[in-house]
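**Q** Chain order of the listed sequences is A and B. Read in order, the letters of the first sequence are residues 1 to 185 in the numbering used here. Read in order, the letters of the second sequence are residues 1 to 274 in the numbering used here.
I should point out that these hints are in silico values taken from the structure, not numbers from a laboratory. Check the hints yourself; a few may be wrong.
Listed below are several chain A residues computed to face chain B (Cβ distance under 7 Å; list not exhaustive) [as the list claims (entries may be wrong)]:
#1 ILE51
#2 ARG116
#3 ARG120
#4 PHE133
#5 TYR134
#6 TYR159
Don't be surprised by glycine CBs; every beta carbon is placed ideally from N, CA and C.
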Amino acid sequence: MQTALVERARQGDREAFGVLATGAVDRLYAIARFILRDTELAEDATQEALIRAWRDLPTLRDVDRFDAWLYRLIVRACADVGRRRRRWRTELAVLPLAGSEPDRSSELADRDQIERGLRRLNEGQQAILVLHFYVGLSPTEAADALEIPIGTAKSRLHYAIEALRAAVAADERSSIGTVREGRMA
Amino acid sequence: MTANDDLERRIADFYATEAPRAPDRVLRGALDSIDITRQRRAFIRVPWRFSTMNTNARMAIAAVAVVAVGAVGLSVLRPGQSPGVGGPLVTPSPSPSDSPLPSPTASAAPSGFVPGALTETFTSNVHGITVSYPAGWDVQPATSPWTTVGGALLWEDPAGDFLYDPLRTDHLFLELASQPLGDTSFDDWASTLLAAEGCTPSEPVEIDGAVGVIGECDMALVSAGGRGYLIRLYVSSDESDLRSFDSASWFDQVLATVQLTPETATSASASAAP
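Looking at chain A on its own, in the form it has when it is part of the complex:
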C-alpha cells in the first residue's frame, strides 16, 4: 500500500504524497519536538522535511526505504533549524511538553524527572534516544538516519543513556536535599 503511494508520489502525484504526509506528520513532528524541544522550531523542521521529501522523492531509488529516508530528512531538518536557532537566538525558551502540567502523581512526577534529564542532553544525544526509544530504530538503522557510522551510533546511544542516568540521579539527590531541608526547618 505505502509502496504504491510512494511510487505514485515519485511520479509527481501530489494526492498520493498528501496521503503519505498525513500518515507521517505526527511522527515527524514528535521527533522534531523531542529533539529541538521547541514547538515553533519543530513545526518549521517538520514542514521543511516534508517539502524536501516531495522535492527529492524522485531521487529515492529504493521505495521500500521511504520511512528510513524520512527519518534522515527530519533529522537533517532539525540540524538545520537548530543551526539557525544557535545563530539567531541566544536564549531558548523551553516549553513544557503537552500534557505535562504540574501533577504530583508519581507517574507524572516520574515523567517530569525524565524530561528534566533530557533537557540536559545535547541535540545529538536527544536524536539518538528519540530514534531508538520512540521510533524504535535499531542502532544500525539510527546510524543510517543520522548519517553516522554504526559504531558511533552505538556509543552515542550508550553515552546518552549514561548522561540521562547521571542527570536523573542528580535530580533525585536535589529532591532528597530539598525534602531534608524542609524537615529540618
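Using the hints, position chain B against chain A.
**A** Relative to the frame of chain A, chain B by itself:
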C-alpha cells in the same frame, strides 16, 4: 529488572506518553508549499561506454537514432508504404564509423543545451579546490566544513560550494565539497557516497593528478592529500531544453579545469555530529 532496563523503560514510556500531535497548520502549510514546488528529477547518466566515445561517434549515433525514429514515425503515418513483416528494417547501428549524414529529420531535432564557456574561476577556501565555470553563473560558497558522512550534500547546504545557473538554480548546478578521510579508506568512503546516492560507479577518473571514480550520476570522487573530494553536476530533466544537454561531456570539460589544493582546505574532521 536491572537499573539499565528500568531507565530504558522509563525513557520509552516518556516518549510514548508525551508524543505530541502536529498542529493542523503544519501539514496544511507543507502541502500548500508542495503545491508550488517542483520535484527534482533523478538524472540518469548515459552508459559509460557512450561517454567515452568521441564526439563524432556520439553524433553519429544520435543522427542514426533520429533517422530511425523518423522512419518509424513515417511508417505509422503512411501505413500503405510500411515495410511490413519480413520487409527491410531500419536498424540503427552504433558503429562509430557511420558518418553523421545530415537529414531533414535530424535538422528538426532540438539543439543541445550548452552552458556558456568556462571563463570564470572559483576557488573554495573551505574545500581546497579551484574550478572553472560559465560566465553568468552565481556562486554560493561553503561557510562551514563538510563534517557529515553518508551522502552528497543537499542544495544550499552551507557545507557545500554551489555554482549554479541563476535562471535554473537547483535544476542545474555544480557542487563541490571535501573532507578528511581520517581512518576511512578512499574506497570505503566513495562506495558509501555512491551507494547513498544510488549511483553506480562507471569508470576510474583522474582529476588534477588525483585518482578516483566517477559515477553514472555525474558525481566524481577523488582522493588528494588525505581528503576525499566530491564534485557533482546536477541536471534536472524538468526543463525540456536540459533533456538534450550532453552533461557527461560538459562535466568532463569542467573536471579538466579542476585544481585540488588540499593543503588550503579548512581542516575539520568528519564527525558523527548530526
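**Q** Determine for every hint whether it applies to the structure shown.
**A** These are the hints, each one checked on the structure:
1. ILE51: With a closest approach of 5 Å, the A/ILE51 hint holds.
2. ARG116: violated (11 Å)
3. ARG120: Not OK, violated: A/ARG120 not within 7 Å of chain B, min 14 Å.
4. PHE133: Constraint on A/PHE133 satisfied, holds at 5 Å.
5. TYR134: With Cβ-Cβ at 4 Å, under 7 Å, it holds.
6. TYR159: A/TYR159 check fails; min Cβ-Cβ to chain B is 11 Å, beyond 7 Å.
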